[in-house]
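Input sequences plus hints: build the corresponding full structure.
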Amino acid sequence: MPRMNVRYYFSALFGALLATLTFASANAQQGPIRVGEINSYTGPLAAFTVPYRNGWQLAIEEINAKGGVLGRPLEVISRDDGGKPANAIKFAEELLRRENVDLLAGTFLSNIGLAVADFANRNKTLFVASEPLSDAVVWSKGNPYTFRLRPSTYMQAAMLAEEAAKLPAKRWATIAPNYEYGQSAVKAFKEVLKARRPDVEFVEEHWPALFKIDAGATVQAIARAKPEAIFNVTFSIDLAKFVREGQLRGLFKDREVASLLTGEPEYLDTLKGETPEGWIVTGYPWQAIKAPAHRAFLDAYQSRFDDYPRAGSIVGYSTILTIAAMLEKAGSTDTDAMVAAMKGLELDTPFGPITYRSLDHQSTMGAYVGRTAKVDGRGVMVDFRYANGADYLPDDATVRKLRPGS
Amino acid sequence: MSFIVAQAIAGLASAASLFLIAVGLSIVFGVTRVVNFAHGSLYMLGAYIAYSLVVVMGDSFLGYLLALLLAAVAVGVIGGVIESALLRRIYHAPELFQLLATFGVVLVVQDLTRTIWGPDDLFAPRMPGLDGAIEILGYAIPTYDLFLIGVAFAVLGGLWLLFRKTRFGVLLRAATEDRQMVAALGIDQRWLFTAAFVLGSALAGLGGALQMPRQAASLSMDLSIIVDAFVVVVIGGMGSIAGAFIAAVLISELLAFGLVIFPQITLVLIFLVMAVTLVLKPSGLFGKPEFLTAEDVRNPDPPLQPSGPMARTGWRLLLAAGLVAPLVLGEFSTVILTEIAILALFAASLHFLIWGGGLITFGHAAYFGLGAYGAGLAVFHLSVGMAPALLLAPIAGALGALLFGWFCVRLTGIYMAMLTLAFAQIAWSIAFQWIEFTGGDNGILGVWPSAWAADATVFYYLAFSVCAAMIWALRHVLFSPFGYTLRGIRDSALRSAAIGVDVTRHRWLAFTLAGAAAGVSGGFFAFAKGSVFPEVLFVSTSVDGLVMVLLGGMQSLAGPILGAIVYTEIQTELNRLTDLWQLVLGVFIVVLVVILPRGLVGLSALLLGRRVS
Chain B
1 MPRMNVRYYF SALFGALLAT LTFASANAQQ GPIRVGEINS YTGPLAAFTV PYRNGWQLAI
61 EEINAKGGVL GRPLEVISRD DGGKPANAIK FAEELLRREN VDLLAGTFLS NIGLAVADFA
121 NRNKTLFVAS EPLSDAVVWS KGNPYTFRLR PSTYMQAAML AEEAAKLPAK RWATIAPNYE
181 YGQSAVKAFK EVLKARRPDV EFVEEHWPAL FKIDAGATVQ AIARAKPEAI FNVTFSIDLA
241 KFVREGQLRG LFKDREVASL LTGEPEYLDT LKGETPEGWI VTGYPWQAIK APAHRAFLDA
301 YQSRFDDYPR AGSIVGYSTI LTIAAMLEKA GSTDTDAMVA AMKGLELDTP FGPITYRSLD
361 HQSTMGAYVG RTAKVDGRGV MVDFRYANGA DYLPDDATVR KLRPGS
Chain L
1 MSFIVAQAIA GLASAASLFL IAVGLSIVFG VTRVVNFAHG SLYMLGAYIA YSLVVVMGDS
61 FLGYLLALLL AAVAVGVIGG VIESALLRRI YHAPELFQLL ATFGVVLVVQ DLTRTIWGPD
121 DLFAPRMPGL DGAIEILGYA IPTYDLFLIG VAFAVLGGLW LLFRKTRFGV LLRAATEDRQ
181 MVAALGIDQR WLFTAAFVLG SALAGLGGAL QMPRQAASLS MDLSIIVDAF VVVVIGGMGS
241 IAGAFIAAVL ISELLAFGLV IFPQITLVLI FLVMAVTLVL KPSGLFGKPE FLTAEDVRNP
301 DPPLQPSGPM ARTGWRLLLA AGLVAPLVLG EFSTVILTEI AILALFAASL HFLIWGGGLI
361 TFGHAAYFGL GAYGAGLAVF HLSVGMAPAL LLAPIAGALG ALLFGWFCVR LTGIYMAMLT
421 LAFAQIAWSI AFQWIEFTGG DNGILGVWPS AWAADATVFY YLAFSVCAAM IWALRHVLFS
481 PFGYTLRGIR DSALRSAAIG VDVTRHRWLA FTLAGAAAGV SGGFFAFAKG SVFPEVLFVS
541 TSVDGLVMVL LGGMQSLAGP ILGAIVYTEI QTELNRLTDL WQLVLGVFIV VLVVILPRGL
601 VGLSALLLGR RVS
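Read top to bottom, the protein sequences are chains B and L. If you read the first sequence in this note's numbering, its first letter stands for residue 1, the second for the next number, and so on. If you read the second sequence in this note's numbering, its first letter stands for residue 1, the second for the next number, and so on.
It is worth saying that the hints were derived from the structure and are not from the lab. All the pointers check out, no bait thrown in.
In silico contact screen, one side only, chain L against chain B (beta carbon under 7 Å); selected entries:
| no. | residue |
| --- | --- |
| 1 | Gln7 |
| 2 | Leu219 |
| 3 | Gln264 |
By construction, the Cβ of each residue, glycine as well, lies at the ideal position given by its N, Cα and C atoms.
Okay, here's the thing in structure tokens:
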């Protein structure tokens, strides 16, 4: 694994050199703009965060190669929180007080995202939350200094619920990991689906402990309830186990399945030859997206890392693009200016243009919705379309009620 | 009816998996009395190695089976290497020190696995020939499930034969029952221990390898399985193979049917069963009580001496350094010192229990967490300020310790340790699932110090003074008649009871006192982090506390403080340098354990040529 300090110090140095040569203005003497980044780079989340780091490294290199931002190179100082909120706070303190970063970014798990957001609010520092999916990050626990990139649990569940409403199925079963993400996903899915299809009923719910699913027993219990369709929120090894046991026991025969995040390469690639076909999923069909913005990103990523991008790569890349665009708009690293610049910020990402809403600081980045299929022994998404995040948020009045102080 | 049969079979397959993992731990613990934290890591290695072998040779049934068996053998060898290179050097070290060594191994294996196999989950193909399902009473039962059940019975039978009919097995059983006697009869213990460890590791590796047709190999495997394995071993009774089997079946069937009736029970069921079992049958289902024989009198440490002039100067220097530091060092260093002070108190309270009272606990985080939640809930629900919340914290910790302690102090040894863990995990699952009250895993936010203590330096002085005072108070208790009685109970409960000491009451009081102290540190922790999450109650926090105490050294009262300083500092600084900080930390711990079997305090004793207290 590359010693990341060396890598980006080198690129920062390179960028600084270029900036000095190209611009030779007073700005270059101020030094790089520093972004403090915290994420869970060790442990089971590394499958997502390693590609995520590749994404932001690529963005940093590209930006600095073009002269940086405001005539200064952009630099990321990164820390690993090991999946523990207490560590994340400790490193947030370190980044702010010892490394003197200009803003904070990152986090993956929702509880860590919320802890860092609260810290940022207390210390009046801008925090660009890249991945944490909990709705609370911008709604029930939203604060003026926190902005979030990824489409939230609510948004993605709503995307699936829209597709689910088109199915004839009336009896649904849900299976979700027993923590806030799973609970919120099921709640949002139920809410949106029932609004569109009041005749739908939820006959069975299952809540396996995260990473510890008893798949055989759970699959049989779901089958016993004879649902017509299943909403699945499990991911990673729980998903793999659920898929295998489900297929062995015929759970998915003649049943539709809507499955959250399963179309992301991090989770889909694991399944290989056992990829279930025809599941309705949200995800990232990197092989097949035709938009030129994505093609450019794909080519750059593949030549840089000799590997294909994952969903995390898009998130990391877009986080840095966000920060760069925000800085250009703000014209300085003063926190109030940066926060003001984030509101209503528009920028282009490999997924197309996105906006950070002033109303709740949520970006309109969306996800791809499609069906799973098996091609040459590996899983892909087909029949997909891009679901714009902006279309899957509740109306403004509802949002205002959900978000305190707005 | 047919559903019940099908669900029972599914539960039995899970039981088979659990049994195979737990039986190796039972053997290792029964014979060597080592709390082998790395058992989960060996299980994980078994899975990964099996994956790699299956990819190469798993095209046929025999090839696949061979791959799984080879993986088990490989892990057995790795276990043997760990035992002979590392654990053998520290058998003479104070109890629990081996736990620290195995903890270091866990860290090393986690990072090495990620480096060698990468971060992605690895899903092996199903076993050829056993990749389908047969119909039983209208339900499709995977053939591999039946195979797994068969393997579990085969292993059970094989181990029974081993233990009853072979000399090696008889020696293992004898060592489980009475190690001293086995040595007295002239059996080479070293060889016996290594053999037990190899056998246990191979079984762990087999357990992991046999999972490959069912699930993907993942970096979460080591920690997700180790607690469950210990629970099964304890419920079944230490060293009892049949007990491990029955316990595995009991737990898996309860889970298989429990999730039909009450799906949320998945988080807490295993700990509820353990708590109920230990309360009703303190040595597990088939375990023999740890006899309080003459051998149970530990080689007593010399009586606790008040600090000599050199030690006193040392303490004064430490105090002065703590007071002066924020004026000299930067703002972040002050923040880290606050965390160190808080954790030092947590470690000191744990040390008070383990060393002062001889009460081994794996669930001390319960009282730390109750203190944190006490403070956090007071702020969130009652909108009180920092001071009342901080006063509530030790009360919450003490009440929890009073309640849980009543049950725990009636047990001894590993059973007591596991019961404390059970209660801590039950508390954790309540905090995790009672979302309306505790916020669930999204926690309680906004627990920040009051305006007067908002400055990092002011908060530091507050935390430092309170924690230092409490540590001093704990030390003072150890020098009081109560403290001497406690150590008497630790050295020999039998003799203490014989001279009229109420053993249980003293232990209970000590437990409560330690719980209150842990509660204080928990309360400060909540305000230092500005938030309270269920992690503060989780086993990982208890383990962190144990690591700090062991790292610093058990014999000295400076040990936990030293351990807190070093453990916190290393983790913080390593993070800036490398992605593989767990590997470096693990290697550091392993090397330290081998060179300094008395912990860091041993270093100064080594240099000074005498004991520090």
